[in-house]
Amino acid sequence: GENVEQHPSTLSVQEGDSAVIKCTYSDSASNYFPWYKQELGKRPQLIIDIRSNVGEKKDQRIAVTLNKTAKHFSLHITETQPEDSAVYFCAATLTGTASKLTFGTGTRLQVTL
Amino acid sequence: DAEITQSPRHKITETGRQVTLACHQTWNHNNMFWYRQDLGHGLRLIHYSYGVQDTNKGEVSDGYSVSRSNTEDLPLTLESAASSQTSVYFCASMKSSYEQYFGPGTRLTVT
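These protein sequence lines map, in sequence, to chains A and B.
So the first sequence is numbered by my numbering: it starts at 1 and just counts up by one.
So the second sequence is numbered by my numbering: it starts at 1 and just counts up by one.
What the hints contain is simulated information worked out from the structure, not anything from laboratory work.
Note that this is a predicted model, so its numbers are computed, not measured.
There could be a bad hint or two in this list.
Listed below are the simulated DSSO-like cross-link pairs for lysine-lysine, each with C-alpha atoms no more than 30 Å apart in a straight line [said to hold, decoys possible]:
1. A:37 / A:68
2. B:95 / B:57
3. A:57 / B:95
4. B:57 / A:42
5. B:95 / B:11
6. A:68 / B:95
7. A:22 / A:68
8. B:57 / B:11
9. B:95 / A:58
10. B:95 / A:100
11. B:95 / A:42
12. A:71 / B:95
I would like the entire structure built from these sequences, with the hints used as guidance.
Structure, rendered in structure tokens:
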């Protein structure tokens, strides 16, 4: 089955700096890679996703890049703000009837003033 | 507005008791999922369903069961609660575009 590794487990940046979270996956057939943000005590919320037919996707201050050859994908947050502080999870799946997501273990991002 | 809800939000139970966690979505999604979330493990899949009368085991299904009698609901049952099942449980449903949306979660404590 799929295995997703996520690094780092914790990340502290100063407000305004950039943050990068990296994930690697094991199943070369996986073709859908979402990122979720989870604030303390809240549900995970989808913030951005990418499919294997593109290498990069941007949405305002967040972007995701995908390297299919190396089987890794990354989340980039620019101009970080205190409200970006949360736990971020990456996931991977092969789309189809089930589309079971395999999640990474999460990265706790802290944005300090 | 369409949504996904879970109940109860918090539950304390004793070892050996049967517990059922409810999940209800109003999007009419066919695919629904149950996860547990524990520190250091992220979100792990317990069971999932493609539609009515269709259920499947995930990676951590031992001690859990689900049933799907209608599109809106996927209740999760702990047959005989164990302390190792103390966790936060999330239900999710999936749009046709593969985006999963999570419920607010149930915090279960087994004493």
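Against the structure, the hints:
1. Between residue 37 of chain A and residue 68 of chain A, the direct Cα distance comes to roughly 23 Å. Compliance with the 30 Å bound is thereby established for this hinted pair.
2. For the proposed pair residue 95 of chain B and residue 57 of chain B, the alpha carbon gap of about 20 Å is at most 30 Å, so the pair holds.
3. With a C-alpha separation of about 20 Å, the suggested pair residue 57 of chain A and residue 95 of chain B falls inside the 30 Å cut-off, and the hint holds.
4. With a CA separation close to 26 Å, the supplied pair residue 57 of chain B and residue 42 of chain A stays within the 30 Å bound.
5. A C-alpha spacing of about 29 Å is found between residue 95 of chain B and residue 11 of chain B, which places the hinted pair at or below 30 Å, so the restraint holds.
6. A distance of roughly 25 Å separates the Cα atoms of residue 68 of chain A and residue 95 of chain B; the hinted pair therefore holds under the 30 Å criterion.
7. With a C-alpha separation of about 13 Å, the suggested pairing of residue 22 of chain A with residue 68 of chain A holds against the 30 Å cut-off.
8. Among the hinted pairs, residue 57 of chain B with residue 11 of chain B is consistent with the structure: their alpha-carbon atoms are about 24 Å apart, no more than 30 Å.
9. Annotation: proposed proximity of residue 95 of chain B to residue 58 of chain A holds, straight-line Cα distance about 21 Å (limit 30 Å).
10. At most 30 Å may separate the alpha-carbon atoms for a hinted pair to count; residue 95 of chain B and residue 100 of chain A meet this at roughly 13 Å.
11. Of the pairs offered as hints, the one joining residue 95 of chain B and residue 42 of chain A holds, with about 21 Å between alpha carbons and a cut-off of 30 Å not exceeded.
12. Under the criterion of a C-alpha separation no larger than 30 Å, the hint pairing residue 71 of chain A with residue 95 of chain B is consistent with the structure, at around 25 Å.
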